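Knowing the structure of chain A, use the given hints to seat chain B on it.
Protein sequences appear in the order of chains A and B.
All residue numbers for the first sequence refer to my numbering, where the first residue is 1 and numbers rise by one.
All residue numbers for the second sequence refer to my numbering, where the first residue is 1 and numbers rise by one.
Read the hints as simulated data drawn from the structure, not as lab findings.
Here the structure is a predicted model, which means the values were calculated and not measured.
Treat the hints loosely; a few may be bogus.
[Said to hold, decoys possible] Pulled from the structure, derived: some chain B residues nowhere near chain A, Cβ distances all over 10 Å:
no., residue
1, A36
2, R54
3, H66
4, T69
5, E87
6, R103
7, S104
8, A106
9, S111
10, V112
11, Q124
12, I125
[Unchecked claim] Simulated DEER-style distance windows between Cβ atoms:
no., chain 1, residue 1, chain 2, residue 2, range
13, A, D5, B, Y126, 22 to 30 Å
14, A, R118, B, L119, 37 to 45 Å
15, B, G45, A, S63, 21 to 29 Å
16, B, G79, A, D107, 14 to 22 Å
17, B, A117, A, G25, 36 to 44 Å
18, A, G25, B, D10, 23 to 31 Å
[Stated by the list, open to error] For lysine-lysine, the following BS3-like pairs were computed, each having C-alpha atoms within a straight-line distance of at most 27 Å:
no., chain 1, residue 1, chain 2, residue 2
19, A, K113, B, K113
20, A, K113, B, K23
21, A, K113, B, K46
Cβ coordinates follow ideal geometry from the N, Cα and C atoms, glycine included.
2 protein chains.
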Amino acid sequence: MMFIDQLKFDANGLIPAIIQEHKTGRVLMMAWMNRASLQTTISTGKTHFWSRSRQKFWMKGESSGHTQTVKDIAFDCDGDTLLIQVEQVGAACHEGYQSCFFRSVADDGVSVKTTEARLLDPAQIYGKK
Amino acid sequence: MMFIDQLKFDANGLIPAIIQEHKTGRVLMMAWMNRASLQTTISTGKTHFWSRSRQKFWMKGESSGHTQTVKDIAFDCDGDTLLIQVEQVGAACHEGYQSCFFRSVADDGVSVKTTEARLLDPAQIYGKK
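One chain only, chain A, in its complex shape (with noise of 0.2 Å):
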């Protein structure tokens, strides 16, 4: 059976993709791919993805030029979730953090810490194009 018949996409056509870097294994972001947007992705060799916000198709760095080459397309047991492994150009985040995952729950369970540095001022990515 084909790759693309295995998947299950939402009632809205989606499917959630998480994106890791494929050198370290540091998940980058997760984002949401409609057929179109996956078959792009394959065929393109860069991630494509569909905006629910903005209800538009966007290649990862079409804008901040932080694209994201393919290296490895893996679906779980269920089929209803992707696992895209990467190679980053730049910060995956658009606040210029490496991951977008950037803050985890602190020791007191309640309270938040950031784990990363920024690498990037975020108006040096989107503000002066």
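The following block gives chain B in isolation, referenced to the frame of chain A:
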């Protein structure tokens, strides 16, 4: 601001949780939490989820013994996805693989390849209790 107040649960009161093995960086699975299962995860140190298909609260490993001990709970810049580092007992996948993401798209871009060896027979995990 408290951690839980920075999270955005969806229209069904759910948030996706990516589960990663903290020692190896292997992404094991993705499942959904509601506020109660997240709070129980924090208070017990074992992952708890909300099953959308069974409409039921469950602890990972409650049938199989393959529990997950929590090492870190991170959340993304949008506050709508969790990334949880765990120490996994046994196999995360109910099909007996270490990770639920044991299949990938093959080099032809359409067929499927299996990327992990099966660790356990699912019948032995669930069938003989």
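Hint check, failures only: Hint check: 6, 7, 8, 9, 10, 15, 17 and 19 fail, others pass.
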